[in-house]
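S.K.: With the sequences and hints as input, model every part of the structure.
Taken in order, these protein sequences are the chains called A and B. Residue numbers for the first sequence follow my numbering, so the first one is 1 and each next one is one higher. Residue numbers for the second sequence follow my numbering, so the first one is 853 and each next one is one higher.
Derived from the structure by calculation, the hints contain no laboratory data. All figures in this text were calculated on a predicted structure; none of them were measured in a lab. Among the hints, a few may not be true.
Here are the simulated SDA-like cross-link-like pairs (lysine to any residue), alpha carbons at most 20 Å apart as the crow flies [what the hints assert, rightly or not]:
hint	chain 1	residue 1	chain 2	residue 2
1	A	K842	B	M928
2	A	K464	B	G1046
3	A	K207	A	Q268
On the chain A side, residues computed to face chain B include the following (Cβ under 10 Å) [as the list claims (entries may be wrong)]:
hint	residue
4	A767
5	L782
6	P845
7	V846
8	L849
Note that beta-carbon positions come from the ideal geometry of N, C-alpha and C, so glycine has one too.
So you can see what is in the structure, the chains are spelled out below.
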Amino acid sequence: MSTAGRGAGWRQAFRLARRELRAGLGGFYVFIACVALGVMVITAVGALTDALRAGFARQGEAILGGDATFARMHARASETERAWLALQGRISESGSMRAIARRVDGTEQALVELKGVDRAYPLAGTLRLTAGASLDMAVHDGAVAAADPALLERLRVKPGDHLEIGELDVEVRAAVLAEPDAIADRLTYGPRVLVSLDTLSRTGLVKPGALVRWRYAVKLPGRAGERPAALASLREAAGMALPESGFTITDRRDPSPQVSKTLERLRQFLTLIGLTALLTGGVGVANAVSTFLDKRRKVIATMRSLGATNRMVFAVFFAQVMTLAAIGVGAGLSLGLAIPPLVSSAYGDALPIEAELSVSVGSLVTAAAYGFLVAVLFALWPLGRAERFSAAALFRDEVAEVQGRPRQALLVVMAALAAALAAAAVLMSESHAVALAFCGGLVLVFLVFAGLGSGVTMAARRMKRPRRPELALAIGNIGAPDGLTRSVILSLGTGLTLLATVALAHAALVEELTSRMPAESPNYFVLDVPKSDFEPLSSLILREAPAAKLHGAPMLRGRLLRLGDKSVEDIKAPPEAQWVLTGDRGLTYSETVPEGSRLVKGEWWPKDYAGEPLVSFESELAQKLGVGIGSSVTVNVLGRNVTARIANLREVKWESLALNFVMVFSPNTLANAPHNVLATITLPKETTLAAEIELARTLGRAYPAVTAIRVKDAIETFNAIFSKVMTAVRIAGGVTLLAGALVLAGALATAQRRRVLEAVILKTLGATRRRIIGAHLAEYALLALATAGIAVVLGSIAAWVAVERIMEIEFSYSWRAVLEALGLAFALVMAFGGIGTWLVLKARPVPTLRSE
Amino acid sequence: MSEPIIDLASVRLTLASRAGPVGILQGVDLTVEKGQSVAIVGPSGSGKTSLLMVLAGLERASSGGVCVAGHEYAAMSEDELAVMRGARIGIVFQSFHLVPTMTALENVALPLEFAGHRGAFDVARERLAEVGLEARAEHYPAQLSGGEQQRVAIARALAPDPSIVLADEPTGNLDGRTGRHVADLLFDLHRRRGVTLVLVTHDERLAGECGRIIRMADGRIVSDFKAVAA
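M.R.: Take a look at the structure:
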């Protein structure tokens, strides 16, 4: 056929398709819903990320508190550095650190994020305080502070009351309602206490070596900050003028690279889950097209007898499928776009920033492309088979299923579409290996359930007939040629497997984080213990709790600049090793191999070593970052670049919660830098909570500048954040199950006519309603059992792979998660099946018997 | 005169439709004695099949009394009717209505199983032999011809040894020769077992073989003819 002829052919096909669709969309609602649901998830995830990103971009200046920030640990900017910064524009200085705030009566205390600000703060955005309070009055009027309302509530303190922070008594003047640059500091772990820089220094907490993060916000003159080129040249100039400063520079284009990265990863992961929902819905698409073509057999036969070619028949129905897919994609896009405003209005407070309601063309195109690809992929098989029907067979063959496969070319197209889907999923993900494993797992799950569907159908056909008629009917229905078995097992099974995987992985991670803490895990981390105070502090603790174990390690924070011959910016690290390269790392030095570590390669330095600076690197991370013994490592500590050679590699048991460091230096490298000690306190198992807290209070009274963090509290804080993320994952996973339920509903609707007729016949033969319900329940229960059983097995394997192999965390099995998944499968099948059965029992027998 | 097995008094059946209520049966009085063979004839839409469905208890009369085999239908629940039907009434449809997922033997055994009969399959095998299909016992409906399917349906209707067989156009979907064979089978079983046979048909020749011919029009019985030999 020439191109023109082909075009005319398609035009004719669309014309005929339009006429065919005059019958309306009845029977296609499941098709449309299946496509719409998956597209909705992908659109919503994309639109939500876009909204947050747009919020980031537009509010970058406010989030950062300026056009750019220069931040580093420990060391305040030197006069030279400050002078250089002041030349660039207006600057504002702030210092933040973890500290303990206590009630003056000493009864209660809490870990807080203390932040000292100058009078220029904030350069951008607005700090909102409780009514009537100004920044001057609440922060700069002597030893006063503004604090997070949650802290005031926890410590039962109101404006006008006093708190002890470090060595200083501070009056609380107001509550902080909104802090513009809160997330730019970092994802904070405690409630905010805002003071002046002067108050911060009077607390006595800011000593050499203390873990203070100094941040300098810069506002460029005029509107220069709005020009990306100006921001880029500022960074470049800083690199030239302050090469050894060790500042982490961030500008308003991406005010929190860490948050952006987390968002991007979450988007990729949720998109994969959305794709699973779409693929599960694909089964519904295939069923709907099959049923539709079955009903249209006479029309197809008539078209063929009137001279339509195979290709024309294919084109007419393909055009209809595309039209329906377009309706589904349109509905999915609209629904998906409606979700961000809903999330924003319902959970706006929980989001890190105010979401801008905008969406990128890329997100819409991605969602639509996935929708069309899946719809076409799943419709091609039944369409291809319809094309091969012979006109005579169509008129004759009313009862038996038409067997046969689509022509070779279509099979190739289907394979290409599947490959395109997988390629898109893999290429759009940061971790190709994880996305590939996901796609591979999905294909495997589909194959297993397709096989299981056929297997169960065959087994039911061959099974010896049970004595009880209800069971016999159930088994008969399971083995019926147009029964529910295949589609229900395939669609529901895929959805359930995903849900079981998510539930099991979540349960295993929570278990790991909460109950399975190592037996020797410490109760407290103690920050900022001055070197000179470590001995007396140890004595105090041992006097108060003689059975306590105390470990201390020198603690500095520094930024990694170069690894081997590469600058960290040029290192392409796998995602799981990326964290080492970004932000500040804890650094230490030691004369001996630290506890919780094992030397795996190289030699440890001798006692009193005084030669070239050496460092010990964690072996697995070294391998991932492409360094080994002999490679050089450059870190910036306290504004000074320090280069050391890797002398040996250690294996670290991270989960031991002991004092673990990626890099341990030879003492001669860092011992002269001012630093504090990080300590852990491990109490005997039988220690009561009250005794644990009392020890912390005693410590606080004796050493006000020391910050003790209860390990269990820190883990709970992390758990709360983790649970929010898992909720999003569970919702997306739940949508997959909903897609499975839709397919089930579609399959039930298709089989409904046959089931009504069957029930009516049974009634005429003397079957009571109880028997009919019994037969249906037995059928649904058997289907749910087969599906859920295998889904749990596959979900367990997938969760094990994800937790133990990918995350490298010990896997623990949760029967509760399994029972929840099983319960959900039963509930869904029974609910949808129950509606079907109710309709069957409600049907009047006479019209049914007559219409046949 | 032997005792009546069917007794209808002023039976009316009114169904709702979009155009308003439609009177399907408009006061039918009918008494059928045990062992009789009755043909119900009449044009399409005259209410023949509806009358048969009311007799089967598959359609409830809007008013009037229906008493079949000593059971007053008005006082019975849907399930009681189903149980009664399983034990006392056999029904043969024009479209056979076999359960497609069951073999011929299983289809015949089904009403006996519902009734809790212990030797359901032995009886079913006997009934299949009576209709000449013992060799097709393990075949599914789709593997049988139309005539064979209808013979299975007759075997199934007779399986619980009912006192009444209701047949709705039993030969309507079959060719002349097969139809004749099925009809012979029905009348033969009626004679040998003494069951009451109520037959709805368009076929005047088939009706002529019955002992009594009831003619219907517009939901009413317009003539009731009893053959002398019946």
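S.K.: Next step is simple, just say for each hint if it's right about the structure.
M.R.: Now for the hints, and whether the structure bears them out:
With a CA separation close to 18 Å, the supplied pair A/K842 and B/M928 stays within the 20 Å bound. Straight-line distance between C-alpha atoms of A/K464 and B/G1046 comes to about 36 Å, which puts the hinted pair past the 20 Å bound. Simply put, A/K207 and A/Q268 have alpha-carbon atoms about 43 Å apart, too far for the 20 Å limit, and the pair is violated. Interface hint at A/A767: satisfied, since its Cβ lies 5 Å from the closest Cβ of chain B, which is below the 10 Å cut-off.
For A/L782, the suggested interface contact is broken, since its CB lies about 14 Å from the closest CB of chain B, more than 10 Å. Interface restraint check: A/P845 against chain B, minimum CB-CB distance 5 Å, threshold 10 Å, status holds. For the restraint placing A/V846 at the interface with chain B, the shortest Cβ-Cβ distance is roughly 5 Å, inside the 10 Å limit, so the hint holds. For A/L849, the interface hint holds, since its Cβ comes within 10 Å of a Cβ in chain B; the closest pair sits about 6 Å apart.
Checked against the numbered hints above, the structure violates hints 2, 3 and 5; every other hint is satisfied.
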